[in-house]
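Protein chains in written order, with this note's numbering: chain F, 11 to 442; chain B, 11 to 442.
None of these hints come from the bench; they were simulated from the model.
Keep in mind that this is a model prediction, so the values were computed, not measured.
Just to be clear, a hint being listed does not mean it is correct.
[Unchecked claim] Under the rule of at most 27 Å between Cα atoms (straight-line distance), these lysine-lysine pairs were calculated in the DSSO-like manner:
no.	chain 1	residue 1	chain 2	residue 2
1	B	K64	B	K247
2	B	K250	F	K131
3	F	K250	B	K250
4	B	K12	B	K64
5	B	K395	B	K361
6	F	K12	B	K349
7	B	K384	F	K250
8	F	K361	F	K247
9	B	K250	F	K247
10	B	K191	B	K247
11	F	K12	B	K131
12	B	K384	B	K395
13	B	K247	B	K395
14	F	K361	F	K384
15	F	K250	F	K361
16	B	K361	B	K250
17	B	K12	F	K349
18	F	K250	F	K116
19	F	K384	F	K395
20	F	K384	F	K349
21	F	K131	F	K116
[Said to hold, decoys possible] Coverage of chain B stretches by chain F, computed from C-beta distances (three or more under 8 Å per stretch; other residues unrestricted):
no.	region
22	70-77
23	199-213
24	225-232
25	304-317
26	322-328
From the three backbone atoms N, C-alpha and C, an ideal C-beta is built for every residue, glycine too.
Number of protein chains: 2
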Amino acid sequence: MKQIGVGLLGFGTVGAGVVDGLCRNREVMSQRLGVDVVLRKIADLDTTSDRGVKVAPGMLTSDAMSVIHDPEIQIIVELIGGTTVSRTFILEALNSGKSVVTANKKLLAEYGQEIFDAAEKNRVDIYFGASVGGGIPIIRVLREGLAGNEIETIHGILNGTCNYILTRMENEGAAFDEVLKAAQDAGYAEANPSLDIDGFDTAHKAVILASLAYGFHVPLNEVRVEGIRNLEGIDVKYAKEFGYRIKLLAAIRRDGDEIEIGVHPTLVSMNHMLASVNDVFNAAMVHGDLSGDTLYYGRGAGRAPTASTVIGDIGDIARNLSTGIPRYSRAINTVNSTKFRIRNADEISSKFYVRLMVRDRAGSLGIMTNAFGKHGVSIRAATQKETDEEFPGYVPVVFLTHRATHAAITAALAEITRSDVINAEPVLLRVL
Amino acid sequence: MKQIGVGLLGFGTVGAGVVDGLCRNREVMSQRLGVDVVLRKIADLDTTSDRGVKVAPGMLTSDAMSVIHDPEIQIIVELIGGTTVSRTFILEALNSGKSVVTANKKLLAEYGQEIFDAAEKNRVDIYFGASVGGGIPIIRVLREGLAGNEIETIHGILNGTCNYILTRMENEGAAFDEVLKAAQDAGYAEANPSLDIDGFDTAHKAVILASLAYGFHVPLNEVRVEGIRNLEGIDVKYAKEFGYRIKLLAAIRRDGDEIEIGVHPTLVSMNHMLASVNDVFNAAMVHGDLSGDTLYYGRGAGRAPTASTVIGDIGDIARNLSTGIPRYSRAINTVNSTKFRIRNADEISSKFYVRLMVRDRAGSLGIMTNAFGKHGVSIRAATQKETDEEFPGYVPVVFLTHRATHAAITAALAEITRSDVINAEPVLLRVL
Numbered sequence: 011m012k013q014i015g016v017g018l019l020g021f022g023t024v025g026a027g028v029v030d031g032l033c034r035n036r037e038v039m040s041q042r043l044g045v046d047v048v049l050r051k052i053a054d055l056d057t058t059s060d061r062g063v064k065v066a067p068g069m070l071t072s073d074a075m076s077v078i079h080d081p082e083i084q085i086i087v088e089l090i091g092g093t094t095v096s097r098t099f100i101l102e103a104l105n106s107g108k109s110v111v112t113a114n115k116k117l118l119a120e121y122g123q124e125i126f127d128a129a130e131k132n133r134v135d136i137y138f139g140a141s142v143g144g145g146i147p148i149i150r151v152l153r154e155g156l157a158g159n160e161i162e163t164i165h166g167i168l169n170g171t172c173n174y175i176l177t178r179m180e181n182e183g184a185a186f187d188e189v190l191k192a193a194q195d196a197g198y199a200e201a202n203p204s205l206d207i208d209g210f211d212t213a214h215k216a217v218i219l220a221s222l223a224y225g226f227h228v229p230l231n232e233v234r235v236e237g238i239r240n241l242e243g244i245d246v247k248y249a250k251e252f253g254y255r256i257k258l259l260a261a262i263r264r265d266g267d268e269i270e271i272g273v274h275p276t277l278v279s280m281n282h283m284l285a286s287v288n289d290v291f292n293a294a295m296v297h298g299d300l301s302g303d304t305l306y307y308g309r310g311a312g313r314a315p316t317a318s319t320v321i322g323d324i325g326d327i328a329r330n331l332s333t334g335i336p337r338y339s340r341a342i343n344t345v346n347s348t349k350f351r352i353r354n355a356d357e358i359s360s361k362f363y364v365r366l367m368v369r370d371r372a373g374s375l376g377i378m379t380n381a382f383g384k385h386g387v388s389i390r391a392a393t394q395k396e397t398d399e400e401f402p403g404y405v406p407v408v409f410l411t412h413r414a415t416h417a418a419i420t421a422a423l424a425e426i427t428r429s430d431v432i433n434a435e436p437v438l439l440r441v442l
Numbered sequence: 011m012k013q014i015g016v017g018l019l020g021f022g023t024v025g026a027g028v029v030d031g032l033c034r035n036r037e038v039m040s041q042r043l044g045v046d047v048v049l050r051k052i053a054d055l056d057t058t059s060d061r062g063v064k065v066a067p068g069m070l071t072s073d074a075m076s077v078i079h080d081p082e083i084q085i086i087v088e089l090i091g092g093t094t095v096s097r098t099f100i101l102e103a104l105n106s107g108k109s110v111v112t113a114n115k116k117l118l119a120e121y122g123q124e125i126f127d128a129a130e131k132n133r134v135d136i137y138f139g140a141s142v143g144g145g146i147p148i149i150r151v152l153r154e155g156l157a158g159n160e161i162e163t164i165h166g167i168l169n170g171t172c173n174y175i176l177t178r179m180e181n182e183g184a185a186f187d188e189v190l191k192a193a194q195d196a197g198y199a200e201a202n203p204s205l206d207i208d209g210f211d212t213a214h215k216a217v218i219l220a221s222l223a224y225g226f227h228v229p230l231n232e233v234r235v236e237g238i239r240n241l242e243g244i245d246v247k248y249a250k251e252f253g254y255r256i257k258l259l260a261a262i263r264r265d266g267d268e269i270e271i272g273v274h275p276t277l278v279s280m281n282h283m284l285a286s287v288n289d290v291f292n293a294a295m296v297h298g299d300l301s302g303d304t305l306y307y308g309r310g311a312g313r314a315p316t317a318s319t320v321i322g323d324i325g326d327i328a329r330n331l332s333t334g335i336p337r338y339s340r341a342i343n344t345v346n347s348t349k350f351r352i353r354n355a356d357e358i359s360s361k362f363y364v365r366l367m368v369r370d371r372a373g374s375l376g377i378m379t380n381a382f383g384k385h386g387v388s389i390r391a392a393t394q395k396e397t398d399e400e401f402p403g404y405v406p407v408v409f410l411t412h413r414a415t416h417a418a419i420t421a422a423l424a425e426i427t428r429s430d431v432i433n434a435e436p437v438l439l440r441v442l
């Protein structure tokens with residue numbers, strides 16, 4: 011059976027999972043693929059720590075370039091992360107005629123165009139299945155399974171840390187800071203959690219999904235990103251009373267030749283499959299014009315699930331190489347780049363949840379409903395809550411709106427803020 | 011751009027969806043795939059009915075063989091169904107060097123070995139993504155995305171008619187017969203519903219999934235199949251009180267070198283993602299040794315969703331053909347056939363739900379618990395319900411057991427039946 015050599019750059023948690031999985035399931039893979047995948051070399055600056063997996067003596071080196079240029083290695087797996095040496099190594103590998111597997115979402119979101127161009131120029135494969143959704147084969151599904159569909163919407167819960175925090179906030183009625191602290195203590199959140207909780211990690215993944223769905227590189231700076239840091243427990247509670255859970259959603263939507271893309275804390279109806287995605291699990295719901303709603307669910311991170319997808323990618327390239335042909339290079343940067351316009355933040359429309367702390371006196375409600383009406387925002391539910399002890403003389407009022415543009419809702423809220431009926435910044439959340 | 015010709019056999023509902031989808035999304039597909047997929051001919055015995063899609067004059071013929079042997083056609087799509095002419099046509103196509111796409115689960119479940127052997131012998135592709143799960147790319151995921159995993163379990167809701175009936179039985183507290191009638195009137199169930207409600211359709215799909223997961227053709231007659239025809243509303247109600255929904259599940263499980271496979275109405279905890287799969291939707295949860303739990307959800311039938319997957323398969327083959335290489339023939343019939351033993355029905359273990367109509371007198375409970383204990387069946391919950399008016403002097407008692415073999419639970423129930431404490435056949439359901 012033909013052998014294909016693999017070189018691994020970055021021997022961290024996921025790297026160790028890939029080494030373990032490749033060795034453990036080598037036989038079943040070779041039966042399925044008809045080609046024998048052999049790990050030949052690993053590069054990491056740390057060549058001594060015990061990662062809990064055995065590697066043959068001499069396999070581990072600190073010299074990444076020697077792995078990239080090893081003539082017995084056809085596939086380079088980049089699991090270093092970041093956007094500095096990983097970028098250098100990936101480009102070097104592609105330009106040396108090696109195919110590449112990476113899980114590096116930040117690199118692809120920021121430098122995807124350059125990397126896909128290099129793969130295409132050199133006629134080699136670049137696979138990145140584990141960059142979005144960890145163990146969930148969402149990238150493969152968009153590239154292949156739904157290839158015959160126009161993708162109308164994608165809604166994803168793509169960050170396990172945020173989903174863990176939101177699940178605990180809802181279940182325990184706990185405050186964000188408290189749950190974040192617990193998540194950090196339990197190892198579910200980084201000491202510096204900004205990448206996760208401020209939504210940037212989700213935005214990187216949204217860029218990759220949108221680029222795949224619409225065939226051009228969506229610039230990261232055109233994605234409106236809002237995290238969960240400022241989410242208050244009271245809104246989680248009110249949402250629940252309305253029959254919703256709050257999730258940090260990446261939302262991608264096509265409307266004719268225009269695309270909306272954003273990351274926002276969003277109310278999801280309890281009846282929606284995405285509302286059942288709890289704890290560290292991730293999921294993406296994709297609506298294709300033919301397939302209708304489809305959903306993909308699993309572990310969005312972690313050693314073994316991420317390794318599962320990396321190994322699936324390696325297997326595909328190995329099968330391609332055993333026939334001598336790369337297949338994928340044109341997947342992201344096709345000829346579509348002039349076809350779609352990305353809507354700016356103000357143009358994006360959504361249903362909204364609005365909470366206002368309203369002066370408890372006659373006429374307040376009228377002022378608010380007039381402001382909404384004036385800006386064309388139509389209300390589909392409203393409820394006035396008990397007075398909050400923290401704000402004597404004010405009552406929380408919650409509105410759920412029909413679909414409106416962000417410009418319209420913010421104009422209405424600005425008008426309400428200018429009146430003297432509320433005493434705090436309005437809380438504005440999306441509703442799926 | 012290179013053109014690949016497609017010939018369609020069977021111009022029914024799904025066939026018309028494929029024609030529509032191929033025409034509508036031809037441009038986006040060619041951008042994604044780098045090859046132009048062109049529908050050249052359609053064969054159907056009925057060459058006159060209006061299917062609501064336009065086809066060029068002369069494209070439609072009643073002569074399937076002329077389509078199969080058309081030199082400008084490289085891919086044959088079989089959407090006739092059944093196991094007679096469809097088998098002849100598929101074998102003829104494969105033996106003529108044409109690659110084949112089919113959605114025919116019954117044919118693959120019964121004649122899969124012959125068909126896959128023919129594909130391998132002729133070195134052509136056979137794709138069957140739409141044979142399981144309609145618009146859900148579950149076949150692709152098992153073949154590719156999870157290729158690096160040992161598959162430990164698969165649990166699937168694979169028949170939309172059954173799931174629609176079960177959802178309505180639960181929501182409306184209605185009886186099976188009543189809901190079946192309504193489903194037939196609404197077109198969600200066939201006039202002769204046996205294939206669906208007696209579980210055979212689900213069994214066909216289970217055979218295909220198990221064969222893919224374990225690399226050998228699992229014989230259909232080794233699958234224990236139980237449908238939902240005898241399911242009583244009272245058990246749906248009791249299940250709900252315990253926090254479960256009843257779903258018709260295909261269950262596939264590997265235990266070392268042995269495989270369990272069966273189709274049964276099964277209690278699924280409300281907290282489990284599969285419990286949220288309602289109405290005609292389908293889903294499969296796959297547990298891989300690396301990936302952990304992953305779930306795939308969508309429409310399991312219908313014109314456009316099924317066409318979506320058929321077109322995805324066509325796209326893959328077209329891409330393969332544009333490079334000159336078939337990739338898949340060895341996917342189902344690999345070298346594993348002696349490795350796994352399929353357990354017989356008695357050996358299969360599960361958690362169980364048991365309902366007994368018990369004589370309302372002292373000592374009854376003791377007789378039952380002794381019988382369970384004697385056969386090693388451990389009880390994890392039990393509840394005695396109010397007396398049922400239909401059975402004066404008897405009370406319904408429900409037990410939930412820990413995992414036990416089917417042999418053990420049936421031996422215990424036989425012993426209870428032989429005593430005079432119950433007045434009707436015990437009801438035995440699985441618990442996931």
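Against the structure, the hints come out as follows:
With a C-alpha separation of about 49 Å, the suggested pairing of K64 of chain B with K247 of chain B is violated against the 27 Å cut-off. A distance of roughly 59 Å separates the Cα atoms of K250 of chain B and K131 of chain F; the hinted pair therefore is violated under the 27 Å criterion. Distance hint between K250 of chain F and K250 of chain B is fulfilled; the C-alpha atoms sit about 22 Å from each other, no more than 27 Å. A hinted pair counts as satisfied when its Cα atoms are at most 27 Å apart, and K12 of chain B with K64 of chain B qualifies at roughly 24 Å.
Only pairs whose Cα atoms come within 27 Å are accepted, and K395 of chain B paired with K361 of chain B is accepted, the gap being roughly 21 Å. Between K12 of chain F and K349 of chain B the CA atoms are separated by roughly 23 Å; this keeps the pair inside 27 Å, and the hint holds. Only pairs whose Cα atoms come within 27 Å are accepted, and K384 of chain B paired with K250 of chain F is rejected, the gap being roughly 47 Å. Between K361 of chain F and K247 of chain F the alpha-carbon distance is near 19 Å, which keeps this suggested pair within the 27 Å criterion.
Between K250 of chain B and K247 of chain F the alpha-carbon distance is near 25 Å, which keeps this suggested pair within the 27 Å criterion. This hinted pair checks out: K191 of chain B and K247 of chain B have alpha carbons roughly 20 Å apart, not beyond 27 Å. Of the pairs offered as hints, the one joining K12 of chain F and K131 of chain B holds, with about 20 Å between alpha carbons and a cut-off of 27 Å not exceeded. A hinted pair counts as satisfied when its Cα atoms are at most 27 Å apart, and K384 of chain B with K395 of chain B qualifies at roughly 25 Å.
Pair hint K247 of chain B plus K395 of chain B holds up; C-alpha atoms about 12 Å apart against a cutoff of 27 Å. As the CA atoms of K361 of chain F and K384 of chain F are separated by approximately 17 Å, the hinted pair is consistent with the 27 Å bound. Between the alpha carbons of K250 of chain F and K361 of chain F the distance comes to roughly 17 Å, so the proposed pair stays at or under 27 Å and holds. At roughly 17 Å between alpha-carbon atoms, K361 of chain B and K250 of chain B fall within 27 Å of each other, so this suggested pair holds.
For the hint linking K12 of chain B to K349 of chain F, the alpha-carbon distance of about 23 Å falls within 27 Å, and the restraint holds. Taking the CA atoms of K250 of chain F and K116 of chain F, the gap is near 33 Å; set against the 27 Å cutoff, the hint is violated. Restraint check for K384 of chain F and K395 of chain F: satisfied, since their Cα atoms lie roughly 25 Å apart, inside the 27 Å limit. A C-alpha spacing of about 34 Å is found between K384 of chain F and K349 of chain F, which places the hinted pair above 27 Å, so the restraint is violated.
Our distance criterion of 27 Å between C-alpha atoms is met by K131 of chain F and K116 of chain F, whose separation comes to about 22 Å. For a cut-off of 8 Å, the count of residues in the region 70-77 of chain B with a CB near a CB of chain F stands at 0, and the three-residue condition is violated. Residues of the region 199-213 of chain B with a Cβ under 8 Å from some Cβ of chain F number 0, which does not satisfy the need for three, so the listed coverage is violated. Counting residues of the region 225-232 of chain B whose CB falls under 8 Å from any CB of chain F gives 1; the rule of at least 3 is not met.
Counting residues of the region 304-317 of chain B whose beta-carbon sits less than 8 Å from any beta-carbon of chain F gives 10, enough to reach three: the coverage restraint holds. Proximity of the region 322-328 of chain B to chain F, defined as three or more residues with a beta carbon under 8 Å from a beta carbon of that chain, is established by the 4 residues found.
In this structure, the earlier hints numbered 1, 2, 7, 18, 20, 22, 23, 24 are contradicted, and the remaining ones agree with it.
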